[in-house]
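Chemist: All chains should be modelled from the sequences, with the hints used to inform the complete structure.
Chains as they are written, first to last, in UniProt numbering: chain A, 1 to 287; chain B, 1 to 287.
Treat each hint with caution, since some may be false.
Any copy will do: because identical chains look the same in the list, a pair fits if it lies in one copy or spans two.
Unchecked claim - Here are the computed lysine-lysine pairs in the DSSO-like style, where the Cα-Cα straight-line distance is at most 30 Å: (1) Lys-109 with Lys-125; (2) Lys-171 with Lys-112; (3) Lys-281 with Lys-221; (4) Lys-207 with Lys-125; (5) Lys-204 with Lys-40; (6) Lys-108 with Lys-125; (7) Lys-170 with Lys-4; (8) Lys-171 with Lys-108; (9) Lys-125 with Lys-171; (10) Lys-281 with Lys-207; (11) Lys-112 with Lys-125; (12) Lys-109 with Lys-170; (13) Lys-109 with Lys-221.
Keep in mind the hints are simulated off the structure, nothing from the lab.
Nothing here was measured: the structure is a model prediction, and the numbers come from that model.
Protein chains: 2
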Amino acid sequence: MTAKSQKNWTGDPSELLRVGEGFRLADVDPSSTPGYEGGKKDGQEDLDDGAAELDELQERLYAESRTEASNAAVLLVLQAMDSAGKGGILRHVVGSVDPQGITLTAFKKPTKAELSHDFLWRIEKRVPQPGYIGVFDRSQYEDVLIARVRGLAEPAEIERRYGAINDFEKKLSDTGTRVLKVMLHISSDEQRDRLMRRLDRPDKHWKFNPGDTDERLLWPKYMDAYQVAFERTSTPWAPWYVVPANHKWYTRLAVQALLLETLERVDPQWPAATYDVEAEKARLAAS
Amino acid sequence: MTAKSQKNWTGDPSELLRVGEGFRLADVDPSSTPGYEGGKKDGQEDLDDGAAELDELQERLYAESRTEASNAAVLLVLQAMDSAGKGGILRHVVGSVDPQGITLTAFKKPTKAELSHDFLWRIEKRVPQPGYIGVFDRSQYEDVLIARVRGLAEPAEIERRYGAINDFEKKLSDTGTRVLKVMLHISSDEQRDRLMRRLDRPDKHWKFNPGDTDERLLWPKYMDAYQVAFERTSTPWAPWYVVPANHKWYTRLAVQALLLETLERVDPQWPAATYDVEAEKARLAAS
Numbered sequence: 001m002t003a004k005s006q007k008n009w010t011g012d013p014s015e016l017l018r019v020g021e022g023f024r025l026a027d028v029d030p031s032s033t034p035g036y037e038g039g040k041k042d043g044q045e046d047l048d049d050g051a052a053e054l055d056e057l058q059e060r061l062y063a064e065s066r067t068e069a070s071n072a073a074v075l076l077v078l079q080a081m082d083s084a085g086k087g088g089i090l091r092h093v094v095g096s097v098d099p100q101g102i103t104l105t106a107f108k109k110p111t112k113a114e115l116s117h118d119f120l121w122r123i124e125k126r127v128p129q130p131g132y133i134g135v136f137d138r139s140q141y142e143d144v145l146i147a148r149v150r151g152l153a154e155p156a157e158i159e160r161r162y163g164a165i166n167d168f169e170k171k172l173s174d175t176g177t178r179v180l181k182v183m184l185h186i187s188s189d190e191q192r193d194r195l196m197r198r199l200d201r202p203d204k205h206w207k208f209n210p211g212d213t214d215e216r217l218l219w220p221k222y223m224d225a226y227q228v229a230f231e232r233t234s235t236p237w238a239p240w241y242v243v244p245a246n247h248k249w250y251t252r253l254a255v256q257a258l259l260l261e262t263l264e265r266v267d268p269q270w271p272a273a274t275y276d277v278e279a280e281k282a283r284l285a286a287s
Numbered sequence: 001m002t003a004k005s006q007k008n009w010t011g012d013p014s015e016l017l018r019v020g021e022g023f024r025l026a027d028v029d030p031s032s033t034p035g036y037e038g039g040k041k042d043g044q045e046d047l048d049d050g051a052a053e054l055d056e057l058q059e060r061l062y063a064e065s066r067t068e069a070s071n072a073a074v075l076l077v078l079q080a081m082d083s084a085g086k087g088g089i090l091r092h093v094v095g096s097v098d099p100q101g102i103t104l105t106a107f108k109k110p111t112k113a114e115l116s117h118d119f120l121w122r123i124e125k126r127v128p129q130p131g132y133i134g135v136f137d138r139s140q141y142e143d144v145l146i147a148r149v150r151g152l153a154e155p156a157e158i159e160r161r162y163g164a165i166n167d168f169e170k171k172l173s174d175t176g177t178r179v180l181k182v183m184l185h186i187s188s189d190e191q192r193d194r195l196m197r198r199l200d201r202p203d204k205h206w207k208f209n210p211g212d213t214d215e216r217l218l219w220p221k222y223m224d225a226y227q228v229a230f231e232r233t234s235t236p237w238a239p240w241y242v243v244p245a246n247h248k249w250y251t252r253l254a255v256q257a258l259l260l261e262t263l264e265r266v267d268p269q270w271p272a273a274t275y276d277v278e279a280e281k282a283r284l285a286a287s
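Modeler: See the structure below:
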């Protein structure tokens, strides 16, 4: 199923980008644009059309949740190497939705208080309520990605976490929250170019951290950690999607398409009035 | 001072709309457009230009806060009678800023847990961190507005709250948070028309609550409660602004202008690099 509003797809992104049996991250070309026959300009037009549809779908989701007939919510989990475009997704895809319908959480390095609890403690507090699109900018997956690469936890603990994440996401799914997990995939060369542009522009210097270059040296280890995470946690109830991210316009369009597809499956409807409309019109007119 | 990006102001909205000595809410015409000589179309163009400026100013504010040289934040407090346009401000003014830079809180009827604490307990937890624009959709003022009109607290307690609010806002202001308090002011007739349109459209029925008509009967009491709140809490460090709200385009433009003016006074700058830029370029190129 492709979104109604995005015209130029020739294939279904929710099929083409999904991590299934035998998936290998190394086989994904970060410069590819799977399933989309248009170019950058078409992509921008489709993104604009999709924004209006996404905004309405979210409002319907919220309206339906107010009648207590629905527990439906959406949780978008974003993971990526630095500079892959999470910020652009937040600004241009999430940012096109009414902010009243979004709960956004950026998970940073855990605080001392957070480290004193199980790794899911801070995550569970931020899951979206019915009617909302929750967005995680980084997530529970940091605890099996950087934690694995940097040895921040014992191997046995990291093994335990894959299962704990699956149980957690199953419970979310069973109680009405659609879990959409997206990894934005850039190439190492593209990352170097993007970081270099930050160094070239004084108004972007604050975005650069010398530690970013150190992390690049661990690139193959991160790719391995992602591969393992995909194998262990891409489930029927919460599949992973890998979106090629060397072309920003495609990344945004594809993530929007995945959100639209998720909401169209929920298919939220404007709820009927729970009061007598004509009687209320008369009462209001007299007030 | 008027915003650089909004061309058609003939007066300064931060002067014209501010609640000062001798202010009387009853003298404000909700259909007026103080200080703006353009019409709806000019207003829309100015709003688009202002959106780009507001987005950049917020990003600068955030960037500057990362260097720890600045504690500056902005808190926008929105209060209004139902249907006056708070939602439109959130969608069209706040929604034009990168969602990563906004923390939005909608304060509903207090829960049991919230009622067991002082009225400011839930408020203090949601003040913006440095670098952010915090937005309160309703606020601490409900505790002196609906609380006064509906007698939800003893008169002595309500008296105490005006002072407590002033102390709280002074502390915020002293620690770098600019407090911008805005009341959107519609007429009772305009509200009736807007509520009637909700009853006329099946996709808006969920937004109507029969209780809205009951609240209308208390209109004069609410206006009195606002008048008292203005007199008691419009301070040099956190003045109130009353924005005529019968014309939605003006309301949005004026609130954007007040935000722009607030941020232009902060005048946040892109921070200088805290590392050796040329050395980092070389290290990155080799990575």
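Chemist: Tell me, in ascending order, the numbers of any earlier hints that this structure violates.
Modeler: none
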